[in-house]
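There are 2 protein chains.
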Amino acid sequence: MDRRSALNLQTQIFEQIRGMILTGRLRSGQRLPSSRHLCQQLRVSRITITLAFARLADEGYVETAKSLGTYVSRQIPEQALHALQVDPEPNAVPVALDHFRPDLLKIRSHNLVDAKQHRSLIDFWVGRPDARSFPLRTWARLMTKRLLSAGTALTEYRDPTGLIELRQAIADHLRPARGINVDPEQIIITGGCQEALNLVCRMLLPSGADAIVESPGYAGASYLFESFGARIHAIEVDERGLDVARLPDVTRALAYVTPSHQYPMGYTLPLDRRLELLAWAVKTNSYIVEDDYDSDFRYVGSPLAALKALDRANRVFYVGTFSKCLGAGLRIGYVVVPPSLLPAARHYKTLMNNGQPWLEQAVLADFMHTGSYARHLRIIRQHYLGKRDALLKALHSHFGHGAAIGADAGMHLVWRIPKHFPAASTVVSKALEYGVGVYDLSARAAVSPAKTAYAERHLMFGYSSLTEKQITAGVERLAAALAEPATKDKRPESAMLS
Amino acid sequence: MDRRSALNLQTQIFEQIRGMILTGRLRSGQRLPSSRHLCQQLRVSRITITLAFARLADEGYVETAKSLGTYVSRQIPEQALHALQVDPEPNAVPVALDHFRPDLLKIRSHNLVDAKQHRSLIDFWVGRPDARSFPLRTWARLMTKRLLSAGTALTEYRDPTGLIELRQAIADHLRPARGINVDPEQIIITGGCQEALNLVCRMLLPSGADAIVESPGYAGASYLFESFGARIHAIEVDERGLDVARLPDVTRALAYVTPSHQYPMGYTLPLDRRLELLAWAVKTNSYIVEDDYDSDFRYVGSPLAALKALDRANRVFYVGTFSKCLGAGLRIGYVVVPPSLLPAARHYKTLMNNGQPWLEQAVLADFMHTGSYARHLRIIRQHYLGKRDALLKALHSHFGHGAAIGADAGMHLVWRIPKHFPAASTVVSKALEYGVGVYDLSARAAVSPAKTAYAERHLMFGYSSLTEKQITAGVERLAAALAEPATKDKRPESAMLS
Chain A
1 MDRRSALNLQ
11 TQIFEQIRGM
21 ILTGRLRSGQ
31 RLPSSRHLCQ
41 QLRVSRITIT
51 LAFARLADEG
61 YVETAKSLGT
71 YVSRQIPEQA
81 LHALQVDPEP
91 NAVPVALDHF
101 RPDLLKIRSH
111 NLVDAKQHRS
121 LIDFWVGRPD
131 ARSFPLRTWA
141 RLMTKRLLSA
151 GTALTEYRDP
161 TGLIELRQAI
171 ADHLRPARGI
181 NVDPEQIIIT
191 GGCQEALNLV
201 CRMLLPSGAD
211 AIVESPGYAG
221 ASYLFESFGA
231 RIHAIEVDER
241 GLDVARLPDV
251 TRALAYVTPS
261 HQYPMGYTLP
271 LDRRLELLAW
281 AVKTNSYIVE
291 DDYDSDFRYV
301 GSPLAALKAL
311 DRANRVFYVG
321 TFSKCLGAGL
331 RIGYVVVPPS
341 LLPAARHYKT
351 LMNNGQPWLE
361 QAVLADFMHT
371 GSYARHLRII
381 RQHYLGKRDA
391 LLKALHSHFG
401 HGAAIGADAG
411 MHLVWRIPKH
421 FPAASTVVSK
431 ALEYGVGVYD
441 LSARAAVSPA
451 KTAYAERHLM
461 FGYSSLTEKQ
471 ITAGVERLAA
481 ALAEPATKDK
491 RPESAMLS
Chain B
499 MDRRSALNLQ
509 TQIFEQIRGM
519 ILTGRLRSGQ
529 RLPSSRHLCQ
539 QLRVSRITIT
549 LAFARLADEG
559 YVETAKSLGT
569 YVSRQIPEQA
579 LHALQVDPEP
589 NAVPVALDHF
599 RPDLLKIRSH
609 NLVDAKQHRS
619 LIDFWVGRPD
629 ARSFPLRTWA
639 RLMTKRLLSA
649 GTALTEYRDP
659 TGLIELRQAI
669 ADHLRPARGI
679 NVDPEQIIIT
689 GGCQEALNLV
699 CRMLLPSGAD
709 AIVESPGYAG
719 ASYLFESFGA
729 RIHAIEVDER
739 GLDVARLPDV
749 TRALAYVTPS
759 HQYPMGYTLP
769 LDRRLELLAW
779 AVKTNSYIVE
789 DDYDSDFRYV
799 GSPLAALKAL
809 DRANRVFYVG
819 TFSKCLGAGL
829 RIGYVVVPPS
839 LLPAARHYKT
849 LMNNGQPWLE
859 QAVLADFMHT
869 GSYARHLRII
879 RQHYLGKRDA
889 LLKALHSHFG
899 HGAAIGADAG
909 MHLVWRIPKH
919 FPAASTVVSK
929 ALEYGVGVYD
939 LSARAAVSPA
949 KTAYAERHLM
959 FGYSSLTEKQ
969 ITAGVERLAA
979 ALAEPATKDK
989 RPESAMLS
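Chains as they are written, first to last, in the working numbering: chain A, 1 to 498; chain B, 499 to 996.
Bear in mind the hints are in silico, worked out from the structure with no lab data behind them.
Do not rely on the hints blindly, as some may be mistaken.
[Unchecked claim] One side only, chain B facing chain A, incomplete, derived with CB under 8 Å: (1) Ile-545; (2) Tyr-559; (3) Phe-632; (4) Gln-692; (5) Ala-803; (6) Tyr-846.
[Claimed, not checked] Computed footprint of chain A on chain B, listed as stretches where at least three residues anywhere in the stretch have a Cβ under 8 Å from a Cβ of chain A: (7) 639 to 650; (8) 655 to 669; (9) 716 to 725; (10) 765 to 772; (11) 825 to 834.
[Said to hold, decoys possible] Listed next, the in silico EDC-like pairs over lysine to aspartate or glutamate satisfying Cα-Cα at most 16 Å (straight line): (12) Lys-451/A x Asp-210/A; (13) Lys-283/A x Asp-210/A; (14) Lys-283/A x Glu-576/B; (15) Lys-967/B x Asp-906/B; (16) Lys-106/A x Asp-130/A; (17) Lys-781/B x Glu-78/A.
Even for Gly, the Cβ is constructed at its ideal location relative to N, Cα and C.
Taking the hints into account, I'd like the entire structure generated from these sequences.
Set out below in structure tokens:
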């Protein structure tokens with residue numbers, strides 16, 4: 001007995017006797033010592049033993065008969081016990097999975113969190129809203145109000161497709177902001193855009209189906225399609241976005257695209273390619289997922305309408321998220337579903353998780369309906385523009401003009417590394433030595449083998465979560481890192497070239 | 499122009515011209531009327547037209563040349579436009595889906611919300627916690643505190659497997675309450691138990707695999723397995739729970755079980771069957787999902803340890819939820835994953851939705867760590883016991899003893915309809931006429947064809963959300979409904995019997 005254990009003595013006695021039965025040290029029908037004997041031996045009270053025995057009896061481990069006292073239950077199937085002793089190396093990962101489903105070993109997912117985080121780092125990690133801009137006080141006020149009048153909303157199941165007030169608010173936002181005209185019933189609230197992609201895959205991507213992704217492109221989509229056993233076609237991106245001329249000659253495929261601000265390159269898909277893409281979907285009986293992840297931020301020209309706004313053939317799922325304009329911690333996104341697929345989509349959302357948490361949805365709906373959301377967007381758009389300008393200015397002054405890509409919109413830009421500097425992976429580690437986090441494309445995106453050389457000449461700079469001061473200092477540090485004379489690490493490379 | 503429209507005039511002009519281009523009424527290269535001409539014709543200001551034209555140019559619909567004025571862009575691919583005119587009946591559900599994936603038409607999901615709700619109804623709908631017992635003030639206090647010190651928690655991505663404080667709190671709860679000894683790292687926070695099931699299916703249920711469910715059993719599991727294309731084996735339940743002797747001779751299967759309080763029948767799986775079930779999993783290289791949905795409520799005897807507590811071969815996923823003891827609106831559940839499958843499970847959770855919302859997790863962690871959760875459980879266990887007793891007493895006094903099943907635990911019981919009363923479906927509609935909602939098994943559970951006759955002799959009574967007064971009144975109304983002489987509806991039945 002361990003008298004210092006957090007478990008009470010009764011539980012300890014119960015667990016020890018149970019263990020002896022399950023490991024075969026006490027056999028079916030065998031008599032236990034009397035409770036009087038045990039309480040003397042273990043120096044515990046008689047009631048402790050009696051309660052432990054009662055629990056053993058309750059759970060079916062022992063039985064009691066007047067003539068026999070307490071004995072191990074004869075109902076315990078010895079053969080089953082024997083089978084359980086043979087433990088098939090449960091902790092040996094490859095063995096267990098090899099036997100069960102070997103492809104599980106190949107599963108991979110996208111990086112969400114930067115593992116390199118440390119305090120002094122000026123970190124250009126991508127896709128982070130500015131925490132200082134989150135409307136905390138308004139949010140707390142709306143939340144308390146909703147919470148205290150929750151009624152049954154917290155305790156009971158609701159429509160799994162989402163709170164209708166929020167879906168209405170999103171529909172009201174999409175018309176003027178993105179040119180999309182939808183019925184709120186077509187909108188399903190999801191756990192971010194990632195879950196929206198899952199919903200579409202569950203419906204339209206049986207194992208072996210064809211999936212089209214951009215390269216470089218969003219890893220969370222590629223790896224997801226991979227996990228569904230899809231045949232992946234990675235289509236190259238040029239300075240006009242996805243090269244639609246390379247779309248494969250397939251049927252019933254699913255194409256994932258980011259037309260507004262291609263991830264990660266930041267290009268905008270022009271009208272002719274949009275129309276070609278839609279025509280391809282009709283021709284091949286395919287569907288398109290348009291991920292409009294950061295379309296709220298456009299700094300040059302008017303915001304382009306979404307691809308979905310052109311979708312008269314109902315071939316486009318439009319996916320949006322509040323992770324970029326509010327915060328990823330809310331886990332709220334949505335998908336606009338073509339009408340013919342709506343009944344199936346509702347079933348799948350129910351099967352997937354019975355819907356999203358109520359309170360976050362209710363507060364977001366209020367935040368949108370009261371106009372706070374529009375105001376919030378105006379404010380952060382202004383903030384992010386200032387940050388972007390600071391970054392462009394710093395890059396220009398240290399490295400010259402013309403190397404920034406995709407800076408007209410979004411929360412990050414891509415920088416083409418000037419020719420006289422080393423490759424992306426080297427720049428990344430040099431920068432880290434100087435306390436700056438910059439990222440090559442493969443750290444935040446999926447890159448097909450054909451694009452590897454290309455990826456080695458580009459870096460990603462997320463600027464939305466940093467102050468203008470940090471941005472300026474960060475680029476300064478990067479310049480210092482790159483100005484350093486060649487280190488030992490570089491020598492083998494030069495040697496190979498000579 | 500519609501001057502009352504919410505869209506401004508500029509947007510209306512933009513959309514009309516765009517529509518004319520996309521439908522081919524304005525052809526590639528065709529000149530638009532001059533802005534001067536248009537502003538006179540439409541009686542809008544020149545700047546409105548200029549801005550609409552600028553947006554058309556921005557989006558690539560028109561181009562401007564000094565000599566030609568504004569004309570429809572020559573970049574617009576006429577063939578693509580033509581393809582898009584051929585709308586493949588987008589709203590005709592069967593056609594679109596037949597072409598794409600015909601099995602989508604067969605997708606079904608479980609009922610979450612009782613459609614029959616109306617004010618005067620005394621509704622014994624199943625699985626609803628009492629909203630009056632939700633710890634609103636404590637929750638609001640903890641929430642505000644967490645929110646105002648959120649830092650980057652609301653804006654950034656976190657560990658997709660969940661907040662470690664909450665996983666620790668759950669591990670601390672599971673040891674004494676359920677006899678399960680786990681590392682918090684083995685716990686993944688999910689969107690209720692339904693999402694936990696999805697996580698397991700994504701890993702271990704490829705299309706065509708064998709899935710074992712209980713019959714009658716939880717529909718959310720059966721329909722989910724169906725949606726993954728599994729071969730369903732519905733194993734009958736008797737008064738000792740799942741009949742393990744009927745487990746099929748398969749390999750690499752997934753078995754879904756509710757050993758603590760079988761859903762919906764409420765039976766407890768005894769020790770010998772638990773051991774046989776585990777031995778079967780080892781022998782067939784299968785995995786088991788133990789859904790312990792309402793184990794917090796046990797009114798008779800000590801709470802039995804979970805099946806997972808016996809699982810030395812690491813064959814059991816243990817699934818828990820806060821939907822029953824706190825509320826379904828929180829959408830928080832969790833799954834304890836066998837160590838060898840943990841790396842794959844982390845990847846899948848990331849791919850599925852990047853994790854759960856932060857705030858709910860943080861507040862629940864605080865609620866558990868401060869002891870409020872244990873106190874809350876003690877209180878509602880007492881409340882629900884009172885409600886259960888009121889229901890048993892009312893049923894006994896109106897209909898006699900011995901017909902209640904599974905009342906030792908949980909939030910509902912099953913009532914065996916006495917022989918002289920009509921079948922469940924008839925009782926349900928009679929009761930509804932008297933303002934009482936009672937449910938046959940198929941309304942809240944999946945019933946295999948072999949069990950249909952059985953299901954017709956049983957009703958489900960959820961009692962947790964009603965007051966004792968409502969419960970007493972509800973059974974009284976039911977008695978009145980059943981005492982009514984045979985109505986017209988019954989005559990054809992009697993006629994057929996004679």
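Comparing the hints with the structure gives:
Taking 8 Å as the C-beta contact cut-off toward chain A, the hint placing Ile-545/B at the interface is violated, the least distance being around 14 Å. About 6 Å separates the beta-carbon of Tyr-559/B from the nearest beta-carbon of chain A, less than 8 Å, and the hint is met. The criterion of a C-beta within 8 Å of any C-beta in chain A is met by Phe-632/B, whose closest approach is roughly 6 Å, and the hint holds. At a threshold of 8 Å, the smallest CB-CB gap from Gln-692/B to chain A is about 5 Å, leaving the interface hint in force.
With a least beta-carbon distance of about 6 Å to chain A, the hint placing Ala-803/B at the interface is held under the 8 Å criterion. Proximity of Tyr-846/B to chain A holds as hinted, the smallest CB-CB distance being about 7 Å (cut-off 8 Å). Three residues within the 8 Å Cβ limit are the bar, and the region 639 to 650 of chain B against chain A gives 7, so the coverage statement holds. With 4 residues carrying a beta carbon less than 8 Å from a beta carbon of chain A, the region 655 to 669 of chain B meets the three-residue requirement, and the given coverage holds.
Closer than 8 Å: that is the beta-carbon criterion, and the region 716 to 725 of chain B has 4 residues meeting it against chain A, so the requirement of 3 holds. Restraint check on the region 765 to 772 of chain B versus chain A: 3 residues with Cβ-Cβ distances below 8 Å, three needed, restraint holds. Evaluation of the coverage hint for the region 825 to 834 of chain B: fulfilled, as 6 residues show C-beta separations to chain A shorter than 8 Å, against a requirement of three. At roughly 20 Å between alpha-carbon atoms, Lys-451/A and Asp-210/A are farther apart than 16 Å, so this suggested pair is violated.
With a C-alpha separation of about 15 Å, the suggested pairing of Lys-283/A with Asp-210/A holds against the 16 Å cut-off. With a C-alpha separation of about 15 Å, the suggested pairing of Lys-283/A with Glu-576/B holds against the 16 Å cut-off. Note on Lys-967/B and Asp-906/B: the hinted pairing is violated, with a Cα-Cα distance of about 21 Å set against a maximum of 16 Å. For the hint linking Lys-106/A to Asp-130/A, the alpha-carbon distance of about 35 Å lies beyond 16 Å, and the restraint is violated.
With a CA separation close to 15 Å, the supplied pair Lys-781/B and Glu-78/A stays within the 16 Å bound.
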